[in-house]
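J.: With these hints in hand, go ahead and build the complete structure from the sequences.
For reference, the chains in residue letters:
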Amino acid sequence: MSDQLSTDPTKPAQRMRAGSMTIPLMPWVLGAALLAVLPFIFTANSAITIMNQMAITIIFALAYNMLLGQGGMLSFGHAVYAGVGGFACVHIMNMDDFFAAIPLPVLPIFGGLMGMGLATIVGSFSTRKAGTVFAMISLGVGELIAACSVIIVAFFGGEEGVSGDRTYGLPFFGVEFLQQIDVYYLIAVWLMISAALMYLYSRTPLGRMANAVRDNPERAEFLGYSARWVRFYSFVASGFFAGIAGALFAINYEILTEENLNTTQSGIILLVTFLGGVGFFFGPILGAIVFTLVQTVLSLQTELWGFYLGIIFVLTVMFFPGGLAGLIMMHVPAMRLGKLGRLGVPYVKTLGAGLIGCLGAAALIEMTFHVRHASTGDHEMTVYWTTFDSHTVLPWVLAIGATLVGFGIARKTAPALAEAWNDANTPDGTAQ
Amino acid sequence: MNPALELDNLTKSFGKTEIIRGVDLSIGKGERHAIIGPNGAGKSTLFNLITGRFPQTGGSIRLHGADLAGKAPFEINRMGLSRSFQITNIFPKMTVFENVRCSLLWSMGYRYNFWSMVGRSRALTDSADEILDQINLTARRDLPAGVLSYAEQRALEIGITIAGGADVIMLDEPTAGMSHSETDYIVDLIRVVTEGKTLVMVEHDMGVVFGLADQISVLVYGEIIATGTPEAVRANPKVQEAYLGEALEAH
Numbered sequence: 000m001s002d003q004l005s006t007d008p009t010k011p012a013q014r015m016r017a018g019s020m021t022i023p024l025m026p027w028v029l030g031a032a033l034l035a036v037l038p039f040i041f042t043a044n045s046a047i048t049i050m051n052q053m054a055i056t057i058i059f060a061l062a063y064n065m066l067l068g069q070g071g072m073l074s075f076g077h078a079v080y081a082g083v084g085g086f087a088c089v090h091i092m093n094m095d096d097f098f099a100a101i102p103l104p105v106l107p108i109f110g111g112l113m114g115m116g117l118a119t120i121v122g123s124f125s126t127r128k129a130g131t132v133f134a135m136i137s138l139g140v141g142e143l144i145a146a147c148s149v150i151i152v153a154f155f156g157g158e159e160g161v162s163g164d165r166t167y168g169l170p171f172f173g174v175e176f177l178q179q180i181d182v183y184y185l186i187a188v189w190l191m192i193s194a195a196l197m198y199l200y201s202r203t204p205l206g207r208m209a210n211a212v213r214d215n216p217e218r219a220e221f222l223g224y225s226a227r228w229v230r231f232y233s234f235v236a237s238g239f240f241a242g243i244a245g246a247l248f249a250i251n252y253e254i255l256t257e258e259n260l261n262t263t264q265s266g267i268i269l270l271v272t273f274l275g276g277v278g279f280f281f282g283p284i285l286g287a288i289v290f291t292l293v294q295t296v297l298s299l300q301t302e303l304w305g306f307y308l309g310i311i312f313v314l315t316v317m318f319f320p321g322g323l324a325g326l327i328m329m330h331v332p333a334m335r336l337g338k339l340g341r342l343g344v345p346y347v348k349t350l351g352a353g354l355i356g357c358l359g360a361a362a363l364i365e366m367t368f369h370v371r372h373a374s375t376g377d378h379e380m381t382v383y384w385t386t387f388d389s390h391t392v393l394p395w396v397l398a399i400g401a402t403l404v405g406f407g408i409a410r411k412t413a414p415a416l417a418e419a420w421n422d423a424n425t426p427d428g429t430a431q
Numbered sequence: 000m001n002p003a004l005e006l007d008n009l010t011k012s013f014g015k016t017e018i019i020r021g022v023d024l025s026i027g028k029g030e031r032h033a034i035i036g037p038n039g040a041g042k043s044t045l046f047n048l049i050t051g052r053f054p055q056t057g058g059s060i061r062l063h064g065a066d067l068a069g070k071a072p073f074e075i076n077r078m079g080l081s082r083s084f085q086i087t088n089i090f091p092k093m094t095v096f097e098n099v100r101c102s103l104l105w106s107m108g109y110r111y112n113f114w115s116m117v118g119r120s121r122a123l124t125d126s127a128d129e130i131l132d133q134i135n136l137t138a139r140r141d142l143p144a145g146v147l148s149y150a151e152q153r154a155l156e157i158g159i160t161i162a163g164g165a166d167v168i169m170l171d172e173p174t175a176g177m178s179h180s181e182t183d184y185i186v187d188l189i190r191v192v193t194e195g196k197t198l199v200m201v202e203h204d205m206g207v208v209f210g211l212a213d214q215i216s217v218l219v220y221g222e223i224i225a226t227g228t229p230e231a232v233r234a235n236p237k238v239q240e241a242y243l244g245e246a247l248e249a250h
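From first to last, the protein sequence lines are chains A and B.
Using numbering that gives the first Met the number 0, the first residue of the first sequence is number 0, and each one after it goes up by one.
Using numbering that gives the first Met the number 0, the first residue of the second sequence is number 0, and each one after it goes up by one.
Each hint should be verified, as a subset may be incorrect.
What the hints assert, rightly or not - Beta-carbon label-pair distances, calculated as ranges: (1) A/I180 x B/P91: 39 to 49 Å; (2) B/R121 x A/N44: 43 to 53 Å; (3) A/M94 x B/G145: 45 to 55 Å.
Said to hold, decoys possible - Computed list of chain A residues with no C-beta within reach of chain B, every gap over 12 Å: (4) I40; (5) S45; (6) V132; (7) L205; (8) G266; (9) L342; (10) V344; (11) A352; (12) T367; (13) T381; (14) G400.
Since the hints were made in silico from the structure, they are not lab data.
Backbone N, C-alpha and C define an ideal beta-carbon position, used for all residues, glycine too.
T.: Structure (structure tokens):
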């Protein structure tokens, strides 16, 4: 025992390394460069629309994770802060004289302040307790404000919502934001600013204490910190960045409706954040990217995209609670050992077969859906860019075959994958 | 001069059950005071009352002369009283270093600061490393606290407790569940890190009590039946009758 407790004097370097005096800059430079060149790679207008949506979702998901991942607060009504920030910005767009005096890129600050103001009011009572109490209050407040959208028509515009025109703002160095691409860069810059600020926040004393309160609120209290106030400040900060996301939404779409702040939207941001992984700062970024792609690209292919997304979400919660980021970071130990390559072949075997099985199962679902719901006489359908008659036997045989064979092989090769996994995570020379 | 900690006719009831039945206790500055007593005597409850975890039913608690009634744990901590827990109470997902650093933040004046980077403060890092050095966990610095061995977690718990620079340190059964060698190790550690501070501890292990304490109070059924030096308490017939007899034979 005592030798375990002793200090290792042979590792003086440890002290310096873990002092983490510097914040790694590389991912940020790469991120900024990527944002700058993306529109030159994906030039289509529709692609830029998707990227705008993606960037907005990233900010919102990162803001949400300030609560969920870093503060341990599960909110079911966070769309409210983004939505209210967005509504405020549309109203500012409609204040002709005022809007004409401010450049559009400044507008998100107002959205942020609006989100922050509302979060200050709600947070003052909702952050007294974490856990179930907080979750229930967030749900209640979310429903309450969503209900207000049809009651306070002057602000929320009733069912039609409120629309504005972003181009009436003061031109910003000659740019009037008529083009999608102008808006893209506006959003991209705000994405970098918000993400950097949120990351830096997590490195401040308050940000660290948010983690401490998440892990063990009682202990934090005996260290001089009021768990309630730590939660409150995180909540307010999160409300600010959610408001910025809402403002960018307003700038991008020029219309806000009840859908932007209802509980469905709150549920989506929870799903996005969890899918990406709450345990790492970059998790929500991954979640937002994947979700937006599924939402925009997959929804063009199938009406059932929400169904597939639901399955992915449930599987993530059950088997990979660390989300996508957790899945990636799981591989770090193997990478450190230089044995990541050994996973390649087993991965291709098992996951490749699994993928075939999934595609087969998805085809079955699509065909069943088509047979049940297409109008009578409409037997023609397209799956995986192949058009066929859904009432003939061959496609069914193929789909069932692919499902069974795919999952069968995946199951058969799974033990080999597990073995390869253990091998890749065991340092060489260590006995079993 | 005010005593470091002063309890005056302190009572606590849960419903109709009186757990603490009028405790008077005065602990001087720099004293090492152990509270002993049989299971269910109310030792942990007494701790929880003093540290603000439970509100008292009656009587008063004064820390350096200031009344603690109605104060929240974080307020009491800011007044210079810090405690450890019987069940290890650390931040399991954070690294050992971060555990200690978090416990330094308030006392080093950071409060609810969100404009400076914790990693940039040389003073903060050095202080945290110094504490790690004192509790001999430097080699475990960057591991999540949850993966440490039990004895290491207990050491970390003590590190967190003393880090904030409180001058009254309360330890709730610091050696509970430890082997002999681990106990010796922790006792030495406690002696070093509480040097010059007021120490109040609840402890079952009589070896630890007689080794560390210069004053002992015996709590039986919510009342203190004796207070004094280890020798006086050991010789007290009331104490022997109520509790110590068997335990003393063993030593």
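J.: Please go over all the hints and tell whether each is borne out by the structure.
T.: Taking the hints in turn, this is what the structure says about them:
no. : hint                       : result
1   : A/I180 x B/P91: 39 to 49 Å : holds, 48 Å
2   : B/R121 x A/N44: 43 to 53 Å : holds, 51 Å
3   : A/M94 x B/G145: 45 to 55 Å : holds, 53 Å
4   : I40                        : holds, 35 Å
5   : S45                        : holds, 39 Å
6   : V132                       : holds, 18 Å
7   : L205                       : violated, 4 Å
8   : G266                       : holds, 26 Å
9   : L342                       : holds, 24 Å
10  : V344                       : holds, 32 Å
11  : A352                       : holds, 35 Å
12  : T367                       : holds, 44 Å
13  : T381                       : holds, 48 Å
14  : G400                       : holds, 46 Å
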